[in-house]
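Residue numbers (our numbering), protein chains in the order written: chain A, 1 to 264; chain B, 1 to 264.
Hints listed in this document are in silico derivations from the structure and should not be mistaken for laboratory results. Some clues are possibly wrong.
Put simply, identical chains are the same to the list, so a pair is met inside one copy or across any two.
[To be verified] When the alpha-carbon atoms are kept at most 27 Å apart in a straight line, the in silico DSSO-like pairs for lysine-lysine are as follows:
{"id": "1", "residue 1": "256", "residue 2": "126"}
{"id": "2", "residue 1": "259", "residue 2": "13"}
{"id": "3", "residue 1": "259", "residue 2": "103"}
{"id": "4", "residue 1": "52", "residue 2": "125"}
{"id": "5", "residue 1": "259", "residue 2": "204"}
{"id": "6", "residue 1": "86", "residue 2": "24"}
{"id": "7", "residue 1": "247", "residue 2": "134"}
Number of protein chains: 2
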Amino acid sequence: MIFVGERINGGFKDIQKAIKEKDKSIIGRWAKIQTEAGADYLDVNMGALSNKLDDFVWMIETVQEVVSTPISIDSNKLSFIEKAIKLCHKSPLINSTTADKEKLDEIIPLAVESNASLIGLCMDKKGAPRDANKRVELGATLFSEAIEKGLPEDKLFLDPITMPLKFLQEQASSVLEAIRQFTLLSSPPPHIIIGLSNISSQTKEEELINRIFLVMCIEAGLDAAICDVTDEELVNSAITCELILNKQIYSDSFIKAYKESRKK
Amino acid sequence: MIFVGERINGGFKDIQKAIKEKDKSIIGRWAKIQTEAGADYLDVNMGALSNKLDDFVWMIETVQEVVSTPISIDSNKLSFIEKAIKLCHKSPLINSTTADKEKLDEIIPLAVESNASLIGLCMDKKGAPRDANKRVELGATLFSEAIEKGLPEDKLFLDPITMPLKFLQEQASSVLEAIRQFTLLSSPPPHIIIGLSNISSQTKEEELINRIFLVMCIEAGLDAAICDVTDEELVNSAITCELILNKQIYSDSFIKAYKESRKK
């Protein structure tokens, strides 16, 4: 399982405050906590508060002063992504591109030449997908463009686009179906990722819904998630799911064994 | 989701004691607790302690004195099953038959004429299945025999046979694959059931493994389980899973709504 820590995001008030006041301690604290919890990447997102490249640079540099966990560059601006890639000490994850041809023509070569991984969102200019078929069609476009332009399949992360259960309940089944289809694209298939927390947006059982949906997605073929890596029950559920799928050899203390095996 | 309460089973020490001493209070207590927790059927199993028909009759009558929840007749002896069916106030679940032709020739007509449901185990004289293909082959045999002999598909429960993760780790994936295949047998498909607790046998994380495996199975197409219905986290996980699959309309208090809707 590839865990991307979601917490360094300007959508959270403490991160907003940190950016405004250039308070390194808040960013640094979340960088450490998420790394200790087992994050493979730390997502860095400015949110709507700022659109200054300097702020983004400051955030990434602050994270890298504290931990060596790779960065997930969360921006839709190509100029920001280009700058961020140059700052990254380790091979980053670009989060993200849509499936629009003109975007892919720019961003895939950038990922290839900088040895970065790339999240491809199954959406385009026409908006979010309404069913599994559209997700699969856009996923196939992302996959074929990536392969054609020289991005290895293990550097591509397909995101089927998760919608809030509260408002678009029937979309969850489409996401699961799309994940199953993505696993058939190639052998081994590309990585499959979701932004987990969206599923439980504005519900009263956020952790429960996140946890159950993550397990269902892993059963369907998912192998990566942008999520709250500090939610221990969530992480333990994912570990147990992978144990059941025979991706880790059973031992009585399999959770501890998994965590030990991933210490950096 | 169809929940079969597993607790009135001579494998548990308190039930052994109850049978030996003809202590109705212990059996009655578990009948009530499991019914209140939402069991659709109460499994009644003598375990290895006794092989007396009188004891089995006593157990079933004791349960029915306290609750009106239908009985899951858990015995592999045809004579016990025949007797138990006559005692049952409500249409019971016969637990179970193997896929052997001579057994099916006897037990399916019995289920048909008594309007009972029937669990068909995906195993035969040769033993337990070793892979998904064997499970699917035996499931198809059970399904076609049932249909041919007049048992409606909604009275048939296919059990792909769950093995302990600790000793046969690779079998869990075969169970999931078999469940997916069973959903393709007909539309609507037969019910699909597992004896859940077997998966976590002799592990140190029984509840966690049970919970995660149940969610994975439901994602794959399972709609019934013999399990610890008094494990609230387990039941809530299954409810959440069915919500995500759009089998219940979302509301902020969806767990409460589900439980209310099932009160007898």
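Hints, one by one, checked against the model:
Taking the closest pair of Cα atoms, residue 256 and residue 126 never come within 27 Å of each other, the shortest separation being 45 Å inside a single copy and 38 Å across copies. Within a single copy, residue 259 and residue 13 get their C-alpha atoms no closer than 30 Å, and across copies no closer than 36 Å, so neither meets the 27 Å cut-off. Proximity of residue 259 to residue 103 under the C-alpha cut-off of 27 Å is found in neither arrangement, the shortest distances being 37 Å within a copy and 48 Å between copies. With identical chains, the CA atoms of residue 52 and residue 125 are at most 27 Å apart within one copy only, with a shortest distance of 25 Å there and 72 Å across copies.
For a Cα distance limit of 27 Å, the shortest separation of residue 259 from residue 204 across copies, 17 Å, qualifies, whereas the shortest one inside one copy, 30 Å, does not. Taking identical chains as interchangeable, the C-alpha atoms of residue 86 and residue 24 lie at most 27 Å apart only when both belong to the same chain, with a minimum of 21 Å there against 75 Å between chains. In this homomeric assembly, residue 247 and residue 134 come within 27 Å of each other (Cα to Cα) only across copies, at 23 Å, whereas the closest approach inside a single copy is 30 Å.
The structure is inconsistent with the numbered hints 1, 2 and 3, although it conforms to all the rest.
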